[in-house]
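S.K.: So the chains spell out like this:
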Amino acid sequence: MALILTTACGRNTDDKVLRVMLGSNVVSLDTSQAVDVSSFEVINDCMEGLLQILPNGQIIPGIAESYEVSPDGKTYTFHLRDAKWSNGDPVTADDFVFAWRRHCALANMYAFIMGKGVACIKNADDVMQGADPSTLGVAAPDPKTFIVELTAPVPFFPSLMAFPSFFPINEKFYNSLEKDTYGMTPDTYLYNGAFVITSYLPGSPNIQLKKNPLYWDAENVTLEDLHYQVVGSSDNALTAFRNKSLNLVTINGNQVEYVKNDPQLEKNLTVTLRGSLSYISFNQDPKNHHAGALANVNLRLAISNSIDRESLVKNYVMNGAEATYTVVPREFGPNAETGKFFSEDQDAYKNYVGHNPDKAKEYLAAAKSELGKDKIELLFTYANDSGDMTVKVVQAIKSQVERNLPGLTITLQPVTKAEYLSKVYNDDYDITLTNWMADYNDPMGFLMLWTTESCEVAEYWSNAEYDRLINECTTGSLVANYNARWQAMHDAEKIMMQEAVIAPLYTGASAMLLSENVSGIEFYTAGLVCVYKHAVVKKLED
Amino acid sequence: MLALLTLLVITFVLFVLIRIMPGNPFPIEKMTPEMILHKRAELGLDEPILIQFANYMSMLLHGSFGYGTSLYNGAPIKPILLICLENSAKIGGLSILFGTFAGLLLGITAALNRGKFLDGFCTIVSILGVCVPSYVFMIFLQYFFSFKIPFFPYFFDPSQFLFSSIMPALSLSMFAVSTVARFTRNEMVEVMNSDYVKLAESKGLYGFELLRKHVLRNAMIPVVTVIAPLVVGLLTGAMVLEKIYGINGIGKLMVDAIAGDGIDYNYVLALGILYSAMYIVVMLVLDIIYGILDPRISIAKEN
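In the order they appear, the protein sequences are chains A and G. Counted the way the numbering used here counts, the first sequence spans residues 1 to 542. Counted the way the numbering used here counts, the second sequence spans residues 543 to 845.
Note that these hints are calculated values from the structure, not bench results. Do not rely on the hints blindly, as some may be mistaken.
Cβ-Cβ distance ranges computed for the label pairs, FRET-style [claimed, not checked]:
id : chain 1 : residue 1 : chain 2 : residue 2 : range
1  : G       : Asp-588   : A       : Asn-254   : 40 to 48 angstroms
2  : A       : Asn-261   : G       : Ala-801   : 27 to 35 angstroms
3  : A       : Asn-254   : G       : Lys-620   : 38 to 46 angstroms
4  : A       : Pro-406   : G       : Ile-562   : 56 to 64 angstroms
5  : A       : Pro-286   : G       : Met-825   : 52 to 60 angstroms
6  : G       : Pro-771   : A       : Thr-185   : 44 to 52 angstroms
7  : A       : Asn-254   : G       : Gln-702   : 28 to 36 angstroms
8  : G       : Thr-665   : A       : Asp-262   : 36 to 44 angstroms
9  : A       : Ala-365   : G       : Phe-595   : 52 to 60 angstroms
10 : A       : Pro-406   : G       : Ala-801   : 51 to 59 angstroms
11 : G       : Ile-562   : A       : Pro-414   : 52 to 60 angstroms
12 : G       : Ala-801   : A       : Arg-468   : 38 to 46 angstroms
13 : A       : Leu-412   : G       : Pro-675   : 26 to 34 angstroms
14 : G       : Pro-764   : A       : Asp-427   : 53 to 61 angstroms
Please read all numbers here as calculations on a predicted model, not as lab measurements. Glycine residues also receive a C-beta, built at the ideal position from the N, C-alpha and C atoms.
Hey, can you work out the whole structure from these sequences and the hints?
M.R.: Next comes the structure, spelled out in C-alpha cells:
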C-alpha cells in the first residue's frame, strides 16, 4: 500500500514554482488599504513604483527611468519609461497622480506616509482633512513626466518610492470596475510588476502568481510561478518545509534550536535582522491611576538597567534577534555617506542602559526616596494571543526585574490583542512590550514616534528639546544638511536614553528555512521582507 | 414566524454583547485620534445602541451585511462570506455524507452482532470519535498521509478541491460517525427487542425486509434528531481544522474576525446570524422529516 501511494504521490517538485509561506492573511491588495507585511509583500510582487530599492539600501530605477531633484530638494521630476499594465495600457504619470490623490483623500491608515514628517508632499495633510484632492502637490505635465512638490526636502524620499503606498493605479481600469471590487479578485486588479496574480480571494490561504510577460524587465525575471500559502502555526510550517510542500518558511525560536541540531536542516537556515525594535513602554502619564510612579526617571532607569538582554535573546527569543541598547535598532538606517548603520555603536549609551544590577538598585533607591514609597507595584499588560514568544519574554522580564529590584512587584496582565491595542491607546497600562517596525529605512522612522504630537505610541512623554531637534530634522534648518541632521538625530536619541523613555530590548529577526535548490531571493531589513523576481528554482533530484 | 422572532432576539443579544466586549472594532495602532473619531462616526458607533441596532436591521432587510470594521479593511462582507460559506459547506457536506453513511453501517453492524467482537470494535471506534477532536485527527492524517507518505497535499489546494477535501472531511466526520453509530446501535437494539418486531418475526418476516420495514424506520427517529445539529456543526466548519489545513472557510473567518488587531463587529454579527439561521432552518427541516418517518407525529401535532 505504502509503495503504491509513494509512486502516486503529488510531491511538489515541479520545475520553477516557488512556494512561500505567509505568516498571516493578505489584508488587501488595494495599496491604500493594505496595512500589513503580507499585503505589502504580495503587492510588491505584482506592482512597481517609480523607483526600486535593493537590500543594501541602494536605489535603482523602476517605472521611472531617471529623476531629477531641484537644488532646494523640494521638487522631484520623474521621467517614466515605456512600461505597460498587464492589459496592455501604458503606465503613465496620470496613473501615479490618480493613485496618490486617492491615497491621500481616502485618509486610511497609511495615508500618513504622504504627509508631514514623512514624504511631506505639498497639501497632503489638507487633502487628508478633506480638501480638494486636486490640490495635492503632484502633476503630470505629459504622460511620461511626473512632478512631485514637497514642503521640505526629505533625504529618504527616493527610497519611499519603492513603498507600496506610492504605487500607481490605472485610472481608466479602476473606473470601469463596480464599486468596492478593486483588488477583490485577480480580474479586478491590474498589474505593472514582475508577476500577475492568477488565484486570489479575500482571506484565501492560497495565492498564486505567475510571471508577467508585459513587465518592462521581464527578461530578467527567471521565476515562472510563485505560490503563497498562509500558514497559521509555525509547527505546521516546519513540517511543510520538511515535506517539501514549501520552499521558504519562517520558524520560531524553539524551532531554530531544533533545526540547529539537525545537520540536514541547519544548512537551510537563514537569519535576517528585521529593522524592528522590541522595547518596554513606560506609561508616564502622571494622571494614570497607578502609573504615576513611572513619571519618575530613576524608576525607569532602574528597570532598564535590571534586564539582561543577552539572556532574553539567547534563552527566550532564540530566533536570531540581537540585544539592543539604542532607540534605533541594529543594522538599520545606513548613513548615505559612510554606509555605517545609525546604531553601529551599541555602547554609546552604556551609562544609561544595560545589564547593571548594582546600578539598577541605586536608581531604585533614589526612585523610592523621591516617590516616598517603599513598595512599588506595576502592571505588565501584554497580548497573550501574539505568540508563545511574547509570553516567555514577558515572564522572563518580570523575573529578572523582580530579582534585581527588591520592593518592585510586577503583575502580569494578559489580554487579547484587540483589548491590548485599545488599552495602550487609552493609556490604560503601566508597562508593556511594544514591537515597532519602520516602513522606511531612516532613523526618523523610529525617532518620530516620541515627539509630543506623535500619537502612535503612547508613552506620554514630552520634552521640548527633543521636539525641537526632531523638528529641525524634518522641517527645520537641518533638512538640507545631511551630517548635521544625522548628528541631531543622535542627540535626540541620547535624550531618550538619558531619560529612559523606553527600555530597548532587542532588534527583531526572522529565521527562515530556504530550500537548497532555490537561490536569488532578496531579503530586506526594512519595509519589504522578500523580493522574489530574481529567484531561481532548480529542479530537485530525488 | 416564531423562527424569525428567535433570529431577531439572537441578533439583538449578539449586537449588544459584541459592543460590550473589551477591545476596538478596528486596528487603532496606526490611526490618529481624528481618524478614530472619523471612523467611529462613519460606523455610527456613537449613536445610542437602539438606533445602531435599528440601522443594522434596516441594512439586513435590504439584503446586505454591510462592511467589515477591521477585517480585509472594510471590504463588503457578503461576497467574502459567500465564498467562505461555500468552502465550508462543501467540506461539511462531504463529511456529513460520509459520517452518516459510515455511522449507520457501523451502528447496524454493531446491533446485529450485539455482544460479539464486532460490537466491541464499533463501540471503541465511536468512543474514539467522540473523545478525539477533529483537528487532532486532522494533524494525525496530515502527518501520516502527507508527510510520512506524501500522497495528499499538505495544505488545502482549491485547484484540486475534491482530492484535498478528503482529509479534512474525514477528520470532521469522525464525530458524526461515532454519534450516529452509537445512537443507531442503541435504538436498533431497543427496537429489535420490542414486541412489534417479535410479532413480525413470528409472522415469518426476517432478514433485510424486517430490518428495513420495521427496525430501521423506527430506530431512525432519534438518529435524525442527533444528525440535525451535527449538520449545522459540520456545515459551519471547524475553526481549528480550517486554520491548520488552510481552508478559506467560515470557521477560519470567525477566528480571524475575533482574534485580529480589532474585533470585526460586523463579521462576528453576520456569522452569528448565519449560524443561528442555519440552526433554525435545520430544525424546521427536522420537523418535516419526523413527519415522513412517522406519520403519527404530524397527526399528533395537528390535534
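S.K.: Against each hint, give a clear statement of whether it holds in the structure.
M.R.: Cross-check of the supplied hints:
| no. | hint | in the structure |
| --- | --- | --- |
| 1 | G/Asp-588 with A/Asn-254: 40 to 48 angstroms | 45 angstroms, holds |
| 2 | A/Asn-261 with G/Ala-801: 27 to 35 angstroms | 32 angstroms, holds |
| 3 | A/Asn-254 with G/Lys-620: 38 to 46 angstroms | 41 angstroms, holds |
| 4 | A/Pro-406 with G/Ile-562: 56 to 64 angstroms | 41 angstroms, violated |
| 5 | A/Pro-286 with G/Met-825: 52 to 60 angstroms | 58 angstroms, holds |
| 6 | G/Pro-771 with A/Thr-185: 44 to 52 angstroms | 35 angstroms, violated |
| 7 | A/Asn-254 with G/Gln-702: 28 to 36 angstroms | 33 angstroms, holds |
| 8 | G/Thr-665 with A/Asp-262: 36 to 44 angstroms | 42 angstroms, holds |
| 9 | A/Ala-365 with G/Phe-595: 52 to 60 angstroms | 57 angstroms, holds |
| 10 | A/Pro-406 with G/Ala-801: 51 to 59 angstroms | 38 angstroms, violated |
| 11 | G/Ile-562 with A/Pro-414: 52 to 60 angstroms | 20 angstroms, violated |
| 12 | G/Ala-801 with A/Arg-468: 38 to 46 angstroms | 42 angstroms, holds |
| 13 | A/Leu-412 with G/Pro-675: 26 to 34 angstroms | 29 angstroms, holds |
| 14 | G/Pro-764 with A/Asp-427: 53 to 61 angstroms | 58 angstroms, holds |
Checked against the numbered hints given earlier, the structure breaks hints 4, 6, 10, 11 and satisfies all the rest.
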